[in-house]
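Q: As a plain string of letters, each chain reads:
2 protein chains.
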Amino acid sequence: MSTRQDSTVADVGTSKAAARIRAAAIEIFAAKGYGATSTRQIAASLDLSPGAVYPHYKTKESLLFAVSLEGHNAALVNLRAADEPTSLPTVRLTSAVTAYVKWHAHHHSQARVVQYELRSLSAEHFKTIAIIRRETTKVFTDIIRAGNETGEFQTIDTDAASLAITALGVDVSRWFPSSTYSDPEVLAERYVELALRMVGVAP
Amino acid sequence: MSTRQDSTVADVGTSKAAARIRAAAIEIFAAKGYGATSTRQIAASLDLSPGAVYPHYKTKESLLFAVSLEGHNAALVNLRAADEPTSLPTVRLTSAVTAYVKWHAHHHSQARVVQYELRSLSAEHFKTIAIIRRETTKVFTDIIRAGNETGEFQTIDTDAASLAITALGVDVSRWFPSSTYSDPEVLAERYVELALRMVGVAP
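Sequence order for the protein chains is A and B. The letter at position 60 of the first sequence is residue 456 when you use our numbering, and the numbering goes up by one with no holes. The letter at position 69 of the second sequence is residue 465 when you use our numbering, and the numbering goes up by one with no holes.
Simulated from the structure, these hints should not be mistaken for laboratory data. Treat the numbers as computed from the prediction; the structure is a model and nothing was measured.
Here are the simulated lysine-lysine pairs, DSS-like style, with alpha carbons at most 25 Å apart: (1) B:Lys-428 to A:Lys-454; (2) A:Lys-428 to B:Lys-456; (3) B:Lys-456 to B:Lys-412; (4) B:Lys-454 to B:Lys-523; (5) A:Lys-523 to B:Lys-428; (6) A:Lys-428 to A:Lys-456; (7) A:Lys-428 to A:Lys-498; (8) B:Lys-428 to A:Lys-456; (9) A:Lys-454 to A:Lys-428; (10) B:Lys-498 to B:Lys-534; (11) B:Lys-498 to B:Lys-428; (12) B:Lys-428 to B:Lys-454; (13) A:Lys-523 to A:Lys-534; (14) A:Lys-428 to B:Lys-428; (15) B:Lys-523 to B:Lys-456; (16) A:Lys-428 to B:Lys-523; (17) A:Lys-412 to A:Lys-454; (18) A:Lys-412 to A:Lys-456; (19) B:Lys-523 to B:Lys-534; (20) B:Lys-454 to A:Lys-428; (21) B:Lys-428 to B:Lys-456.
What the simulated footprint calls covered on chain A by chain B, stretch by stretch (three residues with Cβ under 8 Å from a Cβ of chain B suffice, anywhere in the stretch; the number is not a length): (22) 423 to 431; (23) 551 to 565.
From the structure, some residues in chain A lie toward chain B, with a derived Cβ separation under 7 Å: (24) Tyr-512; (25) Thr-576; (26) Arg-586; (27) Glu-589; (28) Leu-590; (29) Arg-593; (30) Met-594.
From the three backbone atoms N, C-alpha and C, an ideal C-beta is built for every residue, glycine too.
Based on the sequences and whatever the hints tell you, model everything.
A: Okay, here's the thing in structure tokens:
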């Protein structure tokens, strides 16, 4: 085991066994809620003894933190990969909203745990996640500011537009899929149109 | 006790004692999650014996249903009261978005339980709640259609705009209040601007 307990990578757990435990935790947390789940149940779902989880995650909260850290990092990495800062702001916003909406649709169980169980994290762990969340919002804020500066966008309030665009993406994990929207690609197209409208780009 | 067990009003529980139990349930469900809460804990928070809940709610699920029914009905009644169908669509959308956003900000604990614990309802109870949810979305859809017809709105996709406007309102209960937005009135103003943009009204 790594001795770098201060490192976020070490906290997530890089072994295959730890990854299997996190994947099982996501399924059970998403289905039953974090509070209703025990590490014993997570172990049992993998045919492991309760003690087998302990070397990887000492507490249920540390497992939630690992899942949250991994999920938030994945969403942010995915979003940043979609954003090409040298492109036109309209292209950037299209690409970023598409990536963010599709990530929440494709990973809706993981996203639901990651977005809706934050209150169960320790204060210290919450702070770490809050930093990643601010970085995520900042991707959208930076694109909107760039568009305001070039005159491509006519945003009324940049903070509100960033919040709303992020909120639409997050909220996808609450309900996806529905009878009307079950194709992430189609949903992303509709939300891109609405996001462009929000920053004042005419269709 | 009422014998009209088929009635949704009877299901909610109209007595003062039942209302106190629902209020306590909302606080504990919102803080710990439905799955992690027992009716025993809810009773204890009111200095009641576990048996005192039973005459009002036979199961924890029936208590969640009562809370969900009451919350969804309250949000819908509040939204409908804000909508005056003889007004201009822009006025109607402004008023409806304001009411919906403010309701989710003012009642964020209740809204969180009502919006995020639906998976724990029985199939039959979920169906009842789904009807109220469709009625809620329909208020927005009707306003947007009216605006499209008069030419006041230039909506690209009415279903998507309804979904997004409803989603923004619901999502408020996930995070409200934040360091940037803690005044429901200010948040509602920003979201009205964005909703009008979404349906193609220039500021």
